[in-house]
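> The primary structure of each chain is shown beneath.
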Amino acid sequence: MEDVQVVAMLVRRCVAGDAAAWEEIVQTYNRRIYNICYRFAGSANDAEDLTQEVFIKMYRTLTSYDSSKGAFVTWVTTITRNLLVDHFRKTKQDRITDSLDATASSREDAQPLSEQIQDQSAPPDARVRSREVGETVHAALARLSPELREAVILRDLQDFDYREIATVLKVPEGTVKSRINRGRAELARLLQRTYRQVM
Amino acid sequence: MPDHTSNGMQCHEFDGLLSDALDGVLTGLQLDRFQAHVRTCSACGPLFAEVEAGRNWLKDLTEVEPPVSLVNNILASTTGVDTQRLRVNVSAPQPRIGWVERAQAWASGAMQPIWRTVRQPRFAMSFGMAFFSLSVALSVLGVKPADLRQVSLRPAAIRHTYYNTQARVVRYYENIRFVYEVESRVRELKRNVTPTEPRSGEAAPVKKDHKDDTTQQPEQKQERNYSQTDSRIILASAPMGPSVNDLPVVSVTTYRRFV
Ligand SMILES: [Zn+2]
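Chains as they are written, first to last, in this note's numbering: chain A, 1 to 199; chain B, 1 to 259.
Just so you know, the hints here were simulated from the structure itself, not pulled from any lab data.
Using N, Cα and C, we set each Cβ at its ideal position, and we do this for glycine too.
Please note: incorrect hints may appear among the correct ones.
[Said to hold, decoys possible] Here chain B is said to cover these stretches of chain A; the calculated rule only asks that three of the stretch's residues, wherever they fall, bring their Cβ under 8 Å from a Cβ of chain B: (1) 20-27; (2) 53-66; (3) 80-91; (4) 141-155; (5) 175-188.
All chains, please: the whole structure from these sequences, using the hints.
Here it is in structure tokens:
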């Protein structure tokens with residue numbers, strides 16, 4: 001996933017006060033972190049704030065990164081995940097779900113989920129359709145419990161392997177696999193229910 | 001889940017192989033047994049269909065673009081350097097500057113940390129309170145805030161007004177510490193009345209107060225879960241090694257896009 005030597009060098013330069021090295025780290029990882037935060041927290045605003053918090057945290061603790069203990073991306077993702085846990089505890093689940101409903105239908109005509117899906121038969125434009133499906137799945141993801149949500153985000157959206165996910169979540173690989181399966185199944189059930197309402 | 005044997009495979013064994021099967025890493029006899037169990041088990045068959053469907057739904061979630069200002073805001077909130085502004089400044093032609101302007105620039109540079117501190121919400125609050133008490137004090141002494149605005153800002157005039165006011169305040173309050181406080185507030189007030197630098201492109205601090213952020217370093221092997229009750233008392237000043245704090249973090253304020 002990353003060249004250990006290159007990243008270790010980058011981190012060393014950064015710790016030594018090389019601003020260009022830090023900018024390179026920010027450039028390399030901001031997209032991944034932003035996407036994890038966005039899919040987990042649900043809203044773009046929260047994702048932006050959280051991503052900044054992650055980098056502030058990284059910047060302060062960069063000296064504690066030990067390349068012999070694991071990949072930099074795992075370390076970065078662990079910081080991200082820990083901040084997401086804090087964020088989740090601060091903002092209660094129902095608040096996240098509410099804001100998600102608002103975000104999912106950020107089109108001018110805010111509609112409930114089921115109506116959005118009904119709409120899909122009308123516009124033939126495949127791109128619009130896939131975007132709407134994406135929004136629906138994004139909204140369903142927010143309804144998963146945080147443990148299942150983070151597991152499927154790391155596996156299915158970020159392509160981490162089970163061992164890396166186990167490191168980030170600090171649970172055994174078996175638990176990781178089980179959470180991923182339950183998360184996927186729960187998501188399918190939520191979406192099937194939504195579709196059935198429409199039909 | 002009912003744990004019965006179907007085609008030589010138990011349901012809990014099936015559960016363990018589910019991810020591998022979907023990843024396509026299951027082969028040979030194990031794959032055959034797995035597939036046979038899917039076909040015959042009334043619990044695992046539908047479960048497999050759901051897990052597979054869920055995974056396919058997630059494929060519809062493509063990566064989203066972060067806001068264009070994100071990198072810049074991150075750099076501003078970590079190194080304190082707004083690279084975009086820096087670039088603009090570098091490319092701008094340098095006009096000839098006299099010693100007065102240079103002195104002003106120096107002064108504004110020196111005031112920068114103070115000004116940054118003052119803009120933080122908690123300081124803004126105490127500054128607001130100080131301003132309030134100052135205006136109360138001044139009105140008690142017969143100085144209207146409106147008059148204050150008319151006050152001449154020539155150095156000599158400021159000194160005159162300032163010492164006059166101070167003399168009266170000293171007479172009114174005998175608490176030396178309070179006088180010192182008012183003195184410094186007056187100084188800040190004068191500074192703020194004459195901003196030395198236009199701050200158009202600068203993002204304002206966002207409302208969030210991250211004081212209760214209790215995030216620990218990842219290497220501290222402490223389990224984190226979502227249901228844990230908030231009984232922790234550790235605040236933002238959670239101890240980090242002295243070397244960790246060496247990096248000059250300017251501010252923990254996060255910036256929002258302002259375009
Ligand atoms: Zn079974």
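> Now tell me if each hint is right for this structure.
Verification of the supplied hints:
no.: 1; hint: 20-27; verdict: holds (count 4)
no.: 2; hint: 53-66; verdict: holds (count 11)
no.: 3; hint: 80-91; verdict: holds (count 8)
no.: 4; hint: 141-155; verdict: holds (count 5)
no.: 5; hint: 175-188; verdict: holds (count 10)
Checked against the numbered hints above, the structure violates none of them.
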